[in-house]
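Chain residues, written in single-letter form:
Number of protein chains: 2
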Amino acid sequence: MTGVRFDGPACPVPLTDTERVQLGHGSGGKMSARLIRDHFVPLLGNEYLAQQGDGAVLPAGERGELVVSTDSFVVSPLEFPGGNIGALAVHGTVNDVAMMGATPLFITAGFILEEGLPLDVLDRVVATMAAAARAAGVQMVAGDTKVVERGKADGMYINTTGLGMRDPGFRPGPERARPGDVILVSGPLARHGMAIMAVREGLSFETTITSDTACLVPLVAQLRQDIGDHVAALRDPTRGGMASALNEIAQASKVGMELDESAIPVPPDAYAACEMLGLDPLYVANEGVLTAIVRPEHADAALAAMRKHAVGAEARIVGRVVAEHPGYVVLKTLVGGTRIVDMLPGDQLPRIC
Amino acid sequence: MTGVRFDGPACPVPLTDTERVQLGHGSGGKMSARLIRDHFVPLLGNEYLAQQGDGAVLPAGERGELVVSTDSFVVSPLEFPGGNIGALAVHGTVNDVAMMGATPLFITAGFILEEGLPLDVLDRVVATMAAAARAAGVQMVAGDTKVVERGKADGMYINTTGLGMRDPGFRPGPERARPGDVILVSGPLARHGMAIMAVREGLSFETTITSDTACLVPLVAQLRQDIGDHVAALRDPTRGGMASALNEIAQASKVGMELDESAIPVPPDAYAACEMLGLDPLYVANEGVLTAIVRPEHADAALAAMRKHAVGAEARIVGRVVAEHPGYVVLKTLVGGTRIVDMLPGDQLPRIC
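Quick mapping for you: the protein sequence lines, in order, are chains Y and V.
In terms of my numbering, the first sequence opens at residue 175 and continues consecutively.
In terms of my numbering, the second sequence opens at residue 175 and continues consecutively.
Keep in mind that the hints are not guaranteed to be accurate.
No copy labels: a pair is met if it fits in one copy or bridges any two.
[Claimed, not checked] The list that follows gives simulated cross-link-like pairs (lysine to any residue, SDA-like), each with its CA atoms no further than 25 Å apart:
no., residue 1, residue 2
1, Lys482, Pro439
2, Lys204, Arg298
3, Lys326, Asp297
4, Lys204, Glu323
5, Lys204, Leu453
6, Lys204, Glu289
7, Lys204, Leu293
8, Lys204, Lys326
9, Lys204, Ala304
10, Lys204, Asp297
11, Lys428, Met517
12, Lys506, Glu488
13, Lys326, Glu193
14, Lys506, Pro362
15, Lys204, Arg324
16, Lys326, Arg298
17, Lys204, Gly430
18, Lys204, Val295
19, Lys326, Pro519
20, Lys326, Val295
21, Lys204, Glu288
22, Lys204, Arg513
23, Lys204, Ala301
24, Lys204, Ala426
25, Lys204, Pro292
26, Lys428, Glu471
No lab work stands behind these hints: they were computed from the structure.
Just chain Y, same shape as in the assembly:
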């Protein structure tokens, strides 16, 4: 109060950025982690949320464990080379359930539709979801539709929640990596994120970059069958990319990681798009790739297991788990140097999934 006016501050006190949600809070990086830590965990935290996996494991009697995972999809544009929001909504959630070691069985879908959305777009999205669910072996068991006014939902948003059963003998978890373990990826990185960015930025290349959106359930089933619980950890590096996925495992397991840049597969067109936009492929979202941390004596078998499937045909060993620098991921670069691959503070690419 200045005394000049009596009906409020003479000069409005500006709200600082720390008082409002920012795009970076949706990045999957450090800002996301802080939002969860400061604004959700204190009020909602319990033993389940504390698991911090891609989903939660619930007791389900003698027959195994029930795994549940939820995800909302807000990708822009709704349709892109290689897929659409419906493909992501099914693959994203069944893959999260699979990364917990479970077999996805059921999925629910909540649609928020914007007034004016062309029904043929909705039909294509729903058809894609139906096909993706069939291919993944899940049944869509419950749904909900809401409609909001023009301009309030950018076409449509979709939430899916997946349920699966886990065999107690197969428990990959981010806290189970240990020094000596081998780090594998099932396929080339950065395709999904760069497919979206190429559309948004109007980039064109000799070939169109297509999203890698795919179901990873058969890959996980093969790993379970061939090497079982010698799989220490599984993650699909979506938001925040490979860098964030490995950082989370390194921190949960209190181990270091060393990646070999020369071994990391990035398709030339996605690499070129990253270069143009100044992005690092290790941070770009994938929607059809998994990273597996496996015991060293089973690394070759894991590689062979993944290569039995088209989606894992280009699987590679990309690094190893070490005792040094626990909690940090280090990259041995092409030119022979090393650099720390930290989690991003905020946003690299908004609305990628």
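The hints should help you fit chain V onto chain Y, whose structure is shown.
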């Protein structure tokens, strides 16, 4: 083509309304039903979605049945007298699970946040969700947060998915009503919808109309304990109100229904607001009321069971199931006439939940 131009129609063909999503598609009335029937069921339909209940019943071994329900919440404004979007997001979903006869155990939450949302609003919403989940006896087991740009999510949207277990000995279902059954409501109608509309329209009354948002789990537990499977059907009349809930049961059970207008409880302030806005309280959303269809010899016990709880203190018998006019709900009006209470074609009140 007119022949005047060769690069397309001389006069652009306008898209008709039937080619785009309209607000009425979110109403819970006939347009919603048509959207589901024409654009979701043909592609996604299976034995679970065919159940058409408030959720789906899944096999879960010998220990009972797993019930799952999903719902997205897009209410505007986010905070209103009597609650906020977080209260609705928990109550809406646990109530849907309870209406299937199950005990809700777990809930997931997917947040879509708009850039610029004040974090103190988020904190109040999350605190309300935490308290509501505790009171309902459910644990929040998985969550997800996405952020979209300013102007793209009207503050925030929340999806919740609820899981519960159902005792095979208690199976209320919309197809189980039969002539002679008695129709009860657990409390006064139209409070939630009119609380929202009073805020939006700037209506003021002697007292503030408050939402009835409440957890109905204890009421269902009491009904199960006191009269068990003599409860034929349960519904919480949210979107589309009591009229839509009863029409759905009448159609699923192929029975008629007779309501007695003089017995239907509507608080004076909500009634006055309905009169002002030209709305029928039977179509206005409730968020803390259930309607139960019970066998006639157990109607008094059902009434007594509901009245044991504060949220059911004003429970009433409001009508009966009849063999005549199957699929139709008929109201005996205050002046002694009768009128058909049909489902609304489209929208009465958008974005009420």
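To see whether the hints hold, each was checked on the structure:
For a Cα distance limit of 25 Å, the shortest separation of Lys482 from Pro439 inside one copy, 18 Å, qualifies, whereas the shortest one across copies, 65 Å, does not. For the identical chains of this complex, Lys204 and Arg298 are inter-copy neighbours only, at 23 Å across copies versus 35 Å inside a copy, given an alpha-carbon limit of 25 Å. For the homomeric pair Lys326 and Asp297, the shortest alpha-carbon distances inside one copy (20 Å) and between copies (22 Å) are both at most 25 Å. In this homomeric assembly, Lys204 and Glu323 come within 25 Å of each other (Cα to Cα) only across copies, at 19 Å, whereas the closest approach inside a single copy is 33 Å.
Proximity of Lys204 to Leu453 under the C-alpha cut-off of 25 Å is restricted to the intra-copy arrangement: shortest distance 17 Å within a copy versus 48 Å between copies. Proximity of Lys204 and Glu289 under a CA criterion of 25 Å is satisfied inter-copy only: 17 Å between copies versus 35 Å inside one chain copy. Taking the shortest Cα distances, Lys204 and Leu293 sit within 25 Å of each other only across copies (17 Å), while inside one copy they are farther apart (38 Å). Within a single copy, Lys204 and Lys326 get their C-alpha atoms only as close as 28 Å, which misses the 25 Å cut-off; across copies the closest is 23 Å, which meets it.
Within a single copy, Lys204 and Ala304 get their C-alpha atoms only as close as 35 Å, which misses the 25 Å cut-off; across copies the closest is 24 Å, which meets it. With identical chains, the CA atoms of Lys204 and Asp297 are at most 25 Å apart between copies only, with a shortest distance of 19 Å across copies and 37 Å within one. Proximity of Lys428 to Met517 under the C-alpha cut-off of 25 Å is restricted to the intra-copy arrangement: shortest distance 15 Å within a copy versus 59 Å between copies. For the identical chains of this complex, Lys506 and Glu488 are intra-copy neighbours only, at 21 Å inside a copy versus 71 Å across copies, given an alpha-carbon limit of 25 Å.
In this assembly of identical chains, Lys326 and Glu193 lie within 25 Å of each other by CA distance both inside one copy and across copies; the values are 22 Å within and 19 Å between. With identical chains, the CA atoms of Lys506 and Pro362 are at most 25 Å apart within one copy only, with a shortest distance of 18 Å there and 68 Å across copies. In this assembly of identical chains, the alpha carbons of Lys204 and Arg324 lie at most 25 Å apart only when taken from different copies (21 Å versus 33 Å within one copy). Both within a single protomer and between protomers do Lys326 and Arg298 lie at most 25 Å apart by alpha-carbon distance, with minima of 21 Å and 22 Å respectively.
Proximity of Lys204 and Gly430 under a CA criterion of 25 Å is satisfied intra-copy only: 18 Å inside one chain copy versus 58 Å between copies. Taking the shortest alpha-carbon separations for Lys204 and Val295, only the inter-copy value of 22 Å comes in at or below 25 Å, while the best intra-copy value is 35 Å. Within a single copy, Lys326 and Pro519 get their C-alpha atoms only as close as 28 Å, which misses the 25 Å cut-off; across copies the closest is 23 Å, which meets it. Both within a single protomer and between protomers do Lys326 and Val295 lie at most 25 Å apart by alpha-carbon distance, with minima of 17 Å and 19 Å respectively.
When the C-alpha separation of Lys204 and Glu288 is checked against a cutoff of 25 Å, the pair qualifies only between copies, where the shortest distance is 18 Å, while the shortest distance within a copy is 31 Å. In the homo-oligomer, the alpha carbons of Lys204 and Arg513 lie at most 25 Å apart inside one protomer (18 Å), although the nearest pairing across protomers, at 60 Å, exceeds that limit. Within a single copy, Lys204 and Ala301 get their C-alpha atoms only as close as 36 Å, which misses the 25 Å cut-off; across copies the closest is 23 Å, which meets it. Taking the closest pair of Cα atoms, Lys204 and Ala426 come within 25 Å of each other only inside a single copy of the chain (15 Å); across copies the shortest separation is 50 Å, beyond that limit.
For the homomeric pair Lys204 and Pro292, the shortest alpha-carbon distance between copies (19 Å) is at most 25 Å, but the shortest distance inside one copy (37 Å) is not. In the homo-oligomer, the alpha carbons of Lys428 and Glu471 lie at most 25 Å apart inside one protomer (21 Å), although the nearest pairing across protomers, at 64 Å, exceeds that limit.
Checked against the numbered hints listed earlier, the structure breaks none of them; every hint is satisfied.
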